[in-house]
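Student: Protein chains in written order, with my numbering: chain A, 1 to 102; chain B, 1001 to 1353.
Please keep in mind that the hints were generated in silico from the structure rather than gathered at the bench.
For lysine to aspartate or glutamate, the following EDC-like pairs were computed, each having C-alpha atoms within a straight-line distance of at most 20 Å:
{"#": "1", "chain 1": "A", "residue 1": "Lys94", "chain 2": "A", "residue 2": "Glu12"}
{"#": "2", "chain 1": "B", "residue 1": "Lys1287", "chain 2": "A", "residue 2": "Asp64"}
{"#": "3", "chain 1": "B", "residue 1": "Lys1287", "chain 2": "A", "residue 2": "Asp62"}
Each pair of labels, with its calculated beta carbon distance range:
{"#": "4", "chain 1": "B", "residue 1": "Arg1106", "chain 2": "A", "residue 2": "Asp36", "range": "22 to 32 Å"}
{"#": "5", "chain 1": "A", "residue 1": "Asp68", "chain 2": "B", "residue 2": "Arg1348", "range": "10 to 20 Å"}
{"#": "6", "chain 1": "B", "residue 1": "Leu1345", "chain 2": "A", "residue 2": "Ser9", "range": "31 to 41 Å"}
{"#": "7", "chain 1": "B", "residue 1": "Ala1299", "chain 2": "A", "residue 2": "Gly76", "range": "38 to 48 Å"}
{"#": "8", "chain 1": "B", "residue 1": "Pro1002", "chain 2": "A", "residue 2": "Asp36", "range": "35 to 45 Å"}
Covered stretches of chain B, as calculated for chain A (at least 3 residues, CB under 8 Å):
{"#": "9", "segment": "1044–1056"}
{"#": "10", "segment": "1101–1108"}
{"#": "11", "segment": "1160–1170"}
{"#": "12", "segment": "1208–1222"}
{"#": "13", "segment": "1271–1284"}
A virtual CB, placed ideally from N, CA and C, is assigned to each residue, including glycine.
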Amino acid sequence: MSAMPDVESVREVLRQVIDPEVGVNIVDLGLVYGIDIAPGQISIRLTMTSPACPMGDMIMSDIDAALDAALPPEIGVVVNLVWDPPWSPEMMNKDARSHFGW
Amino acid sequence: MPLLLLGMLSLVFGVAAGLARLGADMPAPAAALAGWHAALMICAFFGTVIGLERAVALGGAIAYLGPLASGIGGVALLAGLPLPWVESLFVFASCVLFGGAIAVVRRQSAMFTRTLAVGAGCWLAGNMAWVTSGSVQAAIPWWLAFLVVTIAGERLELTRFLPARREAAPLFRIATATTLGGAVAAWFSSYGLMLFAAGLFGLSLWLLRYDIARHNARQRGLVRYIALCLLSGYVWLAAGALIGLVGGFAPGHPLRDAALHAIALGFVFAMVFGHAPIIFPAIARVKIPYHPVFYLPLALLHVSLVIRVLGGIGGGDALPLLRLGGLANAFALLVFVMTMVGSVLRGRGAGRG
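Here chain A stands alone, though its shape is the one from the complex (with noise of 0.2 Å):
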């Protein structure tokens, strides 16, 4: 079995993917809420802004894109979908807050 990435290379995967409205990744959005690494296993819990949007599973996908081109082909991808708590701006990183000029 390959060695298991650590939270901060799986975190720095996921900054590829880009949500389309705003033109930020993710992980600055604070849309990752956890990253668990088990032995074969990456399990993401992700959010989305809006309950409404139909997003969702195109990032879900785009993630299992990043990280499948990132990663052994061995080690497993699991992302859920979480809407507890919801997203709030104060989620958002240093990076992102001072793109949309906090």
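Could you slot chain B onto chain A? The hints should help.
Tutor: Just chain B now, with coordinates in the frame of chain A:
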């Protein structure tokens, strides 16, 4: 995907019906539909597309019954089935959208989710106005409000990325309430439509001032393209509302074509042009990579609409101008569809599909 095709079918026939309405030489089936242009465009096309967008987000099978019903309603209208069947299908579809919007509010109660519910409620109200009055005219303000308030709600959601401004929320409420109040008052008084127009004008100023689009217009590529679509649409919303303020929404008014289409084409379709490259992939699971050629149909839309509105303002003598603008509007939509299809193929060719 089959549902999307049903919606597209209504778009094609809805546009053909619109051209027939303008007096263009259309095949007999389209000419027979001239009176149903608004129902085809708003209920059968936008009702289906917005219903589908919401169903993809909610993910439950029930949510798909809405766009299924409005899609079939469009086909029923095209097939000349009895009107009560058509109306029932649209009423059912709007109930599903409203129910779905309530489900979204229960998942997350916020001003933007409540606004989406109000927008869906406007569609239902318009359909009920149609059924009870027996005339599509009574539904028009509500149907317009359905599109404008739904879009405004979606935009409101995105303003949360920006630093909050204290006055923004109350101003939004005032503009939306004025719009709805005007739609209600239009039942009783001809001034109702002017109040309605004032509300829409307020919403356009709100969007121009507070929407994230002005920020995104300084970015690059797709983000900038979407933002410019939106900003140009807000200008059309303001223009349509101003024409409405001088009476343009009233049935039979010489500026009615200009007022309605500044909003339904200039505002709503600019939004469609901007968001198709991100919403269509979410619904149909294809890639639409950005290309600067996207600006071509957008420019065509705006130029053709300027011609049409000038034709409307010019009155009787300028009728050929209005027709020319209308034909060019349809051409802009065609170029847009071709651009999107071309991009889907390019997306596949790049091996990203």
